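Engineer: Here are the chains, one letter per residue:
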Amino acid sequence: MIDTGFDVILAAMILGVAAGAVLTRGMFAAVVMFIVYGLLVALAWLRLGAVDVGLAEAAIGAGLTGVLLLGALGRVNRQLGEDGTPPDAPHRPAAIRPVALLAALATAAALAWGFLMLPPPDGLHAPVAQNLAATQLGNPVTAVLLNFRAWDTLLETIILLAALVGVWSLAPDAAWGGRPGLAQRTRSGGVLSSFGRLLPPVGLLVGVWLVWAGADRPGGAFQGATVLAAVWLLASMAGLSDAPRVASLWLRAALIAGPAVFLALALAGLSVAGFLIVPPGAAKLVTVTVEALLTLSLTVMLGLLVLGPPERAA
Amino acid sequence: MIDAASLLLSVAGLIFFLAGTVGILRFPDTHSRLHALTKADNLGLGLIALAVALQAESWAAIAKIVLIWALVLLAAGTSAQLVARVALQQGGAPGSGRDDAGPDAVGSTPSGQRDPAG
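Protein chains in written order, with numbering that gives the first Met the number 0: chain A, 0 to 313; chain B, 0 to 117.
Since the hints were made in silico from the structure, they are not lab data.
All of these numbers come straight from a predicted model, not from anything done at the bench.
A few of these clues could be false.
Unchecked claim - No more than 20 Å apart at the CA atoms, straight line, and that leaves these computed lysine to any residue pairs for SDA-like: (1) B/63 / A/57; (2) B/38 / B/23; (3) B/63 / A/205; (4) B/63 / A/203; (5) B/63 / A/202; (6) B/38 / B/72; (7) B/63 / A/217; (8) A/283 / A/307; (9) B/63 / A/208; (10) B/63 / A/198; (11) B/63 / A/267; (12) B/63 / A/199; (13) B/63 / A/200; (14) B/63 / A/204; (15) B/38 / B/54; (16) B/63 / A/45; (17) B/38 / B/76; (18) B/63 / A/211; (19) B/63 / A/42; (20) A/283 / A/153; (21) B/63 / A/216; (22) B/63 / A/207; (23) B/63 / A/201; (24) B/38 / B/17; (25) A/283 / A/270; (26) B/63 / A/50; (27) B/63 / A/197.
To be verified - FRET-style restraints, in silico, Cβ to Cβ: (28) A/172 / B/66: 46 to 54 Å; (29) B/25 / A/77: 29 to 37 Å; (30) A/8 / B/89: 32 to 40 Å; (31) A/106 / B/66: 37 to 45 Å; (32) B/56 / A/124: 21 to 29 Å; (33) A/187 / B/58: 34 to 42 Å; (34) A/109 / B/65: 44 to 52 Å; (35) B/71 / A/77: 26 to 34 Å; (36) A/1 / B/14: 16 to 24 Å; (37) B/25 / A/173: 45 to 53 Å; (38) A/75 / B/65: 36 to 44 Å; (39) A/98 / B/59: 52 to 60 Å; (40) A/157 / B/65: 35 to 43 Å.
For glycine and all other residues, C-beta sits at the position ideal for the given N, C-alpha and C.
Taking the hints into account, I'd like the entire structure generated from these sequences.
Structural biologist: Now the structure itself:
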C-alpha cells in the first residue's frame with residue numbers, strides 16, 4: 000500500500016520534471032529540471048531492484064551530464080550579446096521548430112513500434128545465471144558488460160574517446176595542445192581550497208571501492224570513474240592541480256590505455272577461440288585488468304570532457 | 000517504541016525541509032534564501048538520518064549514515080559560502096532584498112570570474 004503510493008508519486012514526479020525540463024522557458028531552469036529528473040530516475044531504478052543502473056544514472060545521467068550541460072550553458076551565455084541573442088546568429092527559418100517536433104515524434108513512434116514488435120521477452124536471467132560461474136564474477140551485470148557483451152563496452156569507451164577528440168577540435172589554433180579551461184584562482188586556506196583538500200580522500204576511497212566491488216556487487220568502471228573524475232575536477236577547481244596540457248604524452252597514454260588493452264586482449268582471443276572471447280580460466284584476471292585500465296582511461300576522458308577544449312596556449 | 004521514535008524524528012525532519020522550501024520560495028534575496036536552505040536542510044537531514052539510523056541493523060550502517068550526513072553538511076556549507084560570495088560580488092548585499100544573483104545568474108558570469116576566488 001505505502002510502496003504503491005510511493006511508486007505512483009515517484010512516477011508522477013518523473014513525468015512532471017520531464018515535462019518541466021522540456022517546456023520551461025529559461026535554459027538554466029531546464030538544466031536543473033534535467034538533473035532532478037536524473038536523480039528521480041535513479042530512484043526509480045532502485046525501486047525496480049536495478050542497483051547498477053541506478054548508480055550509473057545518478058553518476059552519469061544526473062551528475063556528469065548535468066555538469067556538462069551547466070558548462071555548455073556557461074559557454075553559451077558568454078557568447079550571447081546583451082539582449083540575449085548571439086552576435087552572429089544564423090538566420091533560422093520559422094519552420095524549424097515544427098519540423099524538429101515532427102522528427103522527434105517520428106523517432107519516438109519508430110522506437111515504440113520496434114519495441115512493441117519484439118517477441119515477448121522471456122528474459123536472459125536463466126542463460127546469464129547458468130554461465131556466471133565461467134566468468135568468475137559474482138555480479139551478473141558486470142559479467143554481461145565485460146564478458147558476454149564486452150563488445151558494447153569496448154565500443155562505448157571508443158565513442159567517448161571520439162567525443163573528446165570532437166571537443167578538443169573546438170580549440171582555437173593558438174591554444175592547440177595547451178591546457179583546457181580557464182586558470183582557477185582560489186585563496187589558499189579559503190572555503191573552496193579547504194573543501195578541495197578535505198573531500199578527495201573520501202572520493203578516492205569511494206571511487207576505487209565502486210570499481211573493486213563491481214566484480215561481485217553493484218558498481219563498476221563507469222560509476223567509479225565518474226566519482227574519480229569528480230575528485231579530479233574538484234581538485235582542479237580548488238586550484239590544487241592545474242589541468243594538464245592536452246598534448247602531454249602521459250595524458251594521451253592514460254586516455255588510450257583502457258581501450259587499447261581491451262582491444263589487444265580482444266584480438267588475443269582470436270588465437271584461443273575468436274575475437275573478444277576470453278578463455279574461461281583467465282576470465283577473472285582479464286576482467287580485472289580491463290576494468291582497472293578502463294577506470295583510468297574513463298576517469299581522464301570524463302574529466303577532460305567537462306574541462307572542455309584547450310583555451311590556454313601550451 | 001523505536002518505530003515511533005523514527006516516525007517522530009522523520010516528521011520533525013520533514014517539517015524542517017518544508018520550512019526551508021517555503022523560505023527559498025518566499026525570502027527576498029539570495030543571502031536570506033541561502034540561510035533558509037542551509038540551516039533547515041542540514042538540520043532536517045540530520046533528523047531524518049537519525050530516524051534511519053534507529054532502524055539500522057549494524058553499527059557499520061550507522062557509521063555510513065553519519066558519514067553521508069557529515070559529507071552533505073560539508074558540501075552544503077561550502078556551496079552556500081561560494082554562492083553567497085558571488086551574490087555579494089554582484090551587488091546584492093545581505094538583507095537588501097535585491098535579487099541580482101538569483102538562480103538565473105549562475106553560469107552567466109563573465110569569463111574572468113568563473114571562480115569566486117574561494
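Engineer: Each hint needs a verdict: does it hold in this structure or not?
Structural biologist: Do the hints match the structure? See the list:
no., hint, result
1, B/63 / A/57, "holds, 19 Å"
2, B/38 / B/23, "holds, 12 Å"
3, B/63 / A/205, "holds, 12 Å"
4, B/63 / A/203, "holds, 16 Å"
5, B/63 / A/202, "holds, 14 Å"
6, B/38 / B/72, "holds, 10 Å"
7, B/63 / A/217, "holds, 17 Å"
8, A/283 / A/307, "violated, 36 Å"
9, B/63 / A/208, "holds, 14 Å"
10, B/63 / A/198, "holds, 16 Å"
11, B/63 / A/267, "violated, 43 Å"
12, B/63 / A/199, "holds, 17 Å"
13, B/63 / A/200, "holds, 16 Å"
14, B/63 / A/204, "holds, 13 Å"
15, B/38 / B/54, "violated, 25 Å"
16, B/63 / A/45, "holds, 18 Å"
17, B/38 / B/76, "holds, 9 Å"
18, B/63 / A/211, "holds, 18 Å"
19, B/63 / A/42, "holds, 19 Å"
20, A/283 / A/153, "holds, 17 Å"
21, B/63 / A/216, "holds, 18 Å"
22, B/63 / A/207, "holds, 17 Å"
23, B/63 / A/201, "holds, 12 Å"
24, B/38 / B/17, "holds, 12 Å"
25, A/283 / A/270, "holds, 19 Å"
26, B/63 / A/50, "holds, 18 Å"
27, B/63 / A/197, "holds, 17 Å"
28, A/172 / B/66: 46 to 54 Å, "holds, 48 Å"
29, B/25 / A/77: 29 to 37 Å, "holds, 32 Å"
30, A/8 / B/89: 32 to 40 Å, "holds, 37 Å"
31, A/106 / B/66: 37 to 45 Å, "holds, 43 Å"
32, B/56 / A/124: 21 to 29 Å, "holds, 28 Å"
33, A/187 / B/58: 34 to 42 Å, "holds, 38 Å"
34, A/109 / B/65: 44 to 52 Å, "holds, 50 Å"
35, B/71 / A/77: 26 to 34 Å, "holds, 31 Å"
36, A/1 / B/14: 16 to 24 Å, "holds, 20 Å"
37, B/25 / A/173: 45 to 53 Å, "holds, 49 Å"
38, A/75 / B/65: 36 to 44 Å, "holds, 41 Å"
39, A/98 / B/59: 52 to 60 Å, "holds, 56 Å"
40, A/157 / B/65: 35 to 43 Å, "holds, 42 Å"
Hint check: violations occur at hints 8, 11 and 15; the rest are consistent with the structure.
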